[in-house]
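Participant: Sequence:
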Amino acid sequence: MSSELARLAARVAALEKQLSRTTRTARMAYSSIEDGAIDVYDRDGSLRGSIGMQDDGSVAFVAHNGPPPPTPTAPTVEPTLSGLTITWPGTWTDAETAPLDLAEVQVHIATTADAEPDTARPVAAFHTTVGGSVTVALDTYDTLWVRLIALNTSGTAGEPSTAISGQARKAVPDDLVNAIIDETKLARGAVTEAALALGAVNSTALADGAVLAAKLAANSVTLGKLSNGAVTLSALGGALADSTSQRLVDAMGEAAAWQSTAQGTGATWTHLSGVTDAPTGQTVGEAHGFIRLRGTTLVPYEPGVLYRISARVRATAQLSTGPDAFYVGVLGVGADKTTLVNRTGANSPNSHYYVAASARSLPTTDGWITVVGYLKDRSATGSAGPNNDPRAPGVVHDAVRYISPYLWLNSNSQSVDGSTSVMQVDAVAIEALKTGIVDATNLVSGSVTAAALAADSVIAGKIAADAVTGREIAANSVTASEIAAASISTDKLVVAGGTNVLSDPSFEGAYTAAIAKNEWSVVSGGNGSAKALRVDASATTATTRSLTLTSLPILSSEQVYLAIDANASSDWVGGALKFYARWLDGNGGTLGWGVAQIDTPTRGSWQRLAATVTAPANTTTATVWVESYQGTAGSVLWDNAVVRPLLTGVQIADGAITAPKLLAGSVTAEKIAALSITAEKIAALAVTTDKLSALSVSADKIAVNAITATKIAAGAIEATHIKSGAITAEKLDADAINGKTINGAVITGSTLQTAASGQRVVISPGNATPETGSIEFYSGSADEAAPAELSTAIAYGSQGSVDYELPSVALTAPRVSGTSQQSGMWLQGHIPGYSGGVFHLYANDNGGNGAASITGYGADTSDAGSSIELSVRDALSGSASSSAELTSSGFNVSGMLKAGNIVAGRVTITPSAANVPTSITVTGLSVKGSTFRAVATPSTSAPGTSVTGVGVTNVSATGLTVWVTRTNTTSTGVDWMVIGS
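Each residue of the sequence shown is one higher than the one before, starting from 8 at the first, in my numbering.
These aren't lab readings, by the way, just hints derived from the structure by calculation. Be a bit skeptical, because a hint or two may be false.
Derived DMTMM-like pairs: lysine to aspartate or glutamate, alpha-carbon spacing no greater than 20 Å straight-line [as the list claims (entries may be wrong)]:
#1 524 x 543
#2 344 x 384
#3 177 x 146
#4 524 x 146
#5 383 x 405
#6 538 x 515
#7 905 x 892
#8 177 x 149
#9 177 x 85
#10 344 x 293
#11 905 x 876
#12 383 x 438
#13 905 x 982
#14 905 x 881
#15 538 x 526
#16 383 x 309
#17 344 x 309
Use the sequences and the hints to build the structure in full.
Facilitator: Right, dumping it as structure tokens:
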């Protein structure tokens with residue numbers, strides 16, 4: 008029987024061990040989700056997300072019913088040329104930080120301030136929590152309203168921001184680059200007296216926007232107005248002469264319009280309807296996995312015609328490894344309408360013309376995107392693409408006679424079985440952009456005369472870019488009466504020297520504060536401004552530190568003027584200081600850099616970096632960076648940055664500017680390149696005084712000694728005639744400047760004060776050694792004995808045979824009469840090899856009064872000894888004081904350390920009988936914390952004999968019960984302590 012009991016006991020013990028192991032194992036450690044999903048609910052029972060297989064067959068975590076995101080702060084809206092620059096600093100009106108499920112902050116533009124944003128149609132969006140700037144092109148100069156609205160990953164929108172008004176800027180004379188008109192642009196004898204007649208073309212004749220069709224009088228161009236040979240056959244655009252446009256648009260509503268030519272294993276292509284957020288027709292084509300498609304409609308391909316190929320695409324699911332990619336272009340087809348013709352002329356479905364997108368990555372976070380590319384003409388070898396610039400279109404192979412839309416969707420999934428990538432296509436279009444346009448080659452020289460043009464007959468839509476040059480316009484044929492009001496639009500003008508696209512060029516605003524992270528910061532003391540951008544270049548190995556300031560759309564051959572002030576510290580060590588544009592193609596790939604650079608800067612002084620850079624072929628975007636290249640020590644300050652797009656003057660044909668084209672006073676000195684006006688350009692007696700604008704005759708235009716005193720009438724020289732910087736100090740009499748405003752000057756060797764007495768600010772070189780400079784703030788109070796003062800000083804120290812300069816800065820509070828006490832702050836920077844950084848904040852630094860101070864010391868280099876010391880003393884001499892010191896070894900306190908979560912005391916308990924536990928309750932405590940522990944010990948010399956036990960129960964924030972047990976009834980003191988945590 009005993010052996011049976013033993014076996015039974017062993018069996019029970021084994022079962023208990025197995026049960027213990029089972030209860031410690033995760034309940035889903037060996038579980039899986041089979042063809043379904045797990046829903047996630049909040050405490051109120053609302054669905055907040057699902058994990059697993061979704062309704063569309065994809066596997067993902069999908070958020071639902073997220074709380075509305077906070078409201079973005081109102082944006083900064085600044086006018087730019089034909090658009091608005093909108094800046095958001097990444098802050099919120101009703102939250103400190105962005106929610107973790109933030110998808111984007113959308114930009115909406117409306118004609119009224121109270122228009123509700125439609126989250127399906129933003130004009131732009133910020134996809135990072137730090138905000139940024141975006142420039143939006145507009146087709147109107149009316150006042151518009153900008154609002155921001157946040158959207159989370161479950162599609163829930165918050166409240167829109169306050170509406171901010173803005174208005175696009177029109178081109179002004181300052182937008183013209185100096186010297187844009189050179190000798191080659193002026194026809195021989197063009198500058199005549201008639202050409203400079205006052206008021207021939209005034210500003211009211213020019214309005215923003217093109218000359219409207221309504222300005223062309225009916226039947227104004229008749230047979231009698233056309234010179235013989237003026238209209239030639241080549242002007243009619245070949246086979247397209249009978250068509251004003253060709254356009255194939257497919258909104259994915261008809262499955263028969265598309266043919267799948269290849270697909271991955273398990274991939275599908277379907278057409279969906281009722282897709283409410285599809286912008287075109289609420290119908291989309293959807294590709295699960297890799298799908299290659301061609302359109303079934305063939306478009307005849309005409310040489311000399313510019314074709315635009317576009318598509319709107321989005322990704323709704325992607326691979327676990329990252330976003331998938333896609334191609335958009337055309338399929339080349341031969342004359343038999345069957346044989347494929349790729350870039351090399353081969354009959355193959357590969358290597359065709361992907362002019363809109365080529366292997367472009369498409370994250371799901373991008374939403375709907377539109378890609379656009381251009382094709383024109385044929386060649387022995389076709390273009391691979393992308394070709395996103397209409398001025399540099401791609402070409403097809405010589406054998407191509409027809410084209411059709413061609414798409415590769417989820418191209419990275421070609422070898423991925425059952426790929427989870429999903430892309431949708433909303434619309435695809437092929438458009439012929441130029442048909443039957445008469446350009447400069449079709450006009451007989453001199454055939455378009457004033458008599459041939461009815462008043463207001465030439466509108467912008469009738470003139471091709473660069474089609475009409477000076478050779479085609481007869482002298483005196485275009486006068487003020489031939490130019491309709493608002494007839495010359497911005498696309499017919501070369502605008503060079505646009506506005507600075509940086510929203511915070513002096514680095515003083517919220518945008519710079521948001522992007523300046525890690526080694527980058529905003530500090531006081533710019534070059535003529537309050538603040539500057541600073542980068543810490545110190546590193547153990549040569550390190551390049553760069554910061555992106557902005558991005559802007561730009562096409563190949565367009566130019567940008569870059570300039571910035573830089574100040575490398577005296578101890579800066581590095582390869583170069585750079586301010587540059589990084590050129591990107593349509594897929595985000597880097598094409599090159601345009602750089603303003605100084606390799607060997609002068610340390611400790613401001614210098615200007617400047618360059619005009621040109622975008623290379625296939626450029627669609629430029630990002631602008633500031634950089635300390637390969638630095639190891641020191642720092643660099645940056646200020647007064649300029650990023651200004653330029654459109655050069657090459658669009659003005661040589662000899663195109665003749666006398667009737669110029670308004671009196673419109674050509675000023677800075678618009679004329681040096682030496683471009685020669686004697687043969689000026690007709691006899693053409694230049695009279697009324698033809699000269701103020702400041703138009705500069706030094707390089709006047710022969711040596713040509714202007715003498717006798718040539719200047721009394722009172723003739725006014726402020727507008729004096730060149731900037733011409734009047735120097737030696738040209739001024741004493742006391743010549745009195746009661747005037749001085750702007751942009753540097754004043755040396757003086758004490759500056761805002762008033763002679765009373766309330767004032769005084770800036771001086773310093774009041775005492777070793778003080779090197781001070782700013783004193785006088786309140787004007789009669790009780791003020793000494794003003795508040797901000798001062799700098801240089802002290803001197805030595806260590807061994809090495810002498811050191813110790814620069815410091817101090818701020819002292821104002822002092823009233825009757826006291827010598829001072830309060831203030833003192834700072835000393837790190838002195839390598841001598842001392843670490845020091846700060847000292849004090850109140851009442853002299854004896855006889857209460858005093859308090861905080862002193863911090865950062866140890867030099869690898870030395871130990873960094874510390875923060877706190878010290879207080881009561882007012883009476885010899886009264887109580889205390890101090891504390893925080894070092895790397897711990898925290899030391901000279902007085903008593905008190906904590907609200909620790910309370911101690913003593914009770915005396917008289918046992919009710921021998922060997923009977925007796926208690927007493929302690930109440931009225933207020934212990935900080937949420938969990939409480941207590942200990943107790945008897946005050947006895949006979950523990951374990953007379954006192955056989957002590958304990959505590961009912962421990963809380965307000966009290967406890969203390970117990971003692973003795974072998975007799977002697978009263979016993981018990982010490983207790985309660986600790987909260």
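Participant: Could you run down the list of hints and mark each one as holding or not?
Facilitator: Quick rundown of the hints versus the structure:
1. 524 x 543: The given pair, whose Cα atoms are some 11 Å apart, holds under the 20 Å limit.
2. 344 x 384: Within the cut-off at roughly 19 Å; holds.
3. 177 x 146: It holds: about 11 Å lies between the C-alpha atoms, which stays within 20 Å.
4. 524 x 146: 37 Å, violated
5. 383 x 405: 12 Å, holds
6. 538 x 515: OK: residue 538 and residue 515 at ~6 Å, within 20 Å.
7. 905 x 892: The given pair, whose Cα atoms are some 16 Å apart, holds under the 20 Å limit.
8. 177 x 149: 11 Å, holds
9. 177 x 85: Holds, at about 13 Å.
10. 344 x 293: 27 Å, violated
11. 905 x 876: 18 Å, holds
12. 383 x 438: 12 Å, holds
13. 905 x 982: 18 Å, holds
14. 905 x 881: 18 Å, holds
15. 538 x 526: Judged against 20 Å, a Cα distance of about 16 Å means the pair holds.
16. 383 x 309: 8 Å, holds
17. 344 x 309: 15 Å, holds
When held up to the earlier numbered hints, the structure conflicts with 4, 10 and fits the remainder.
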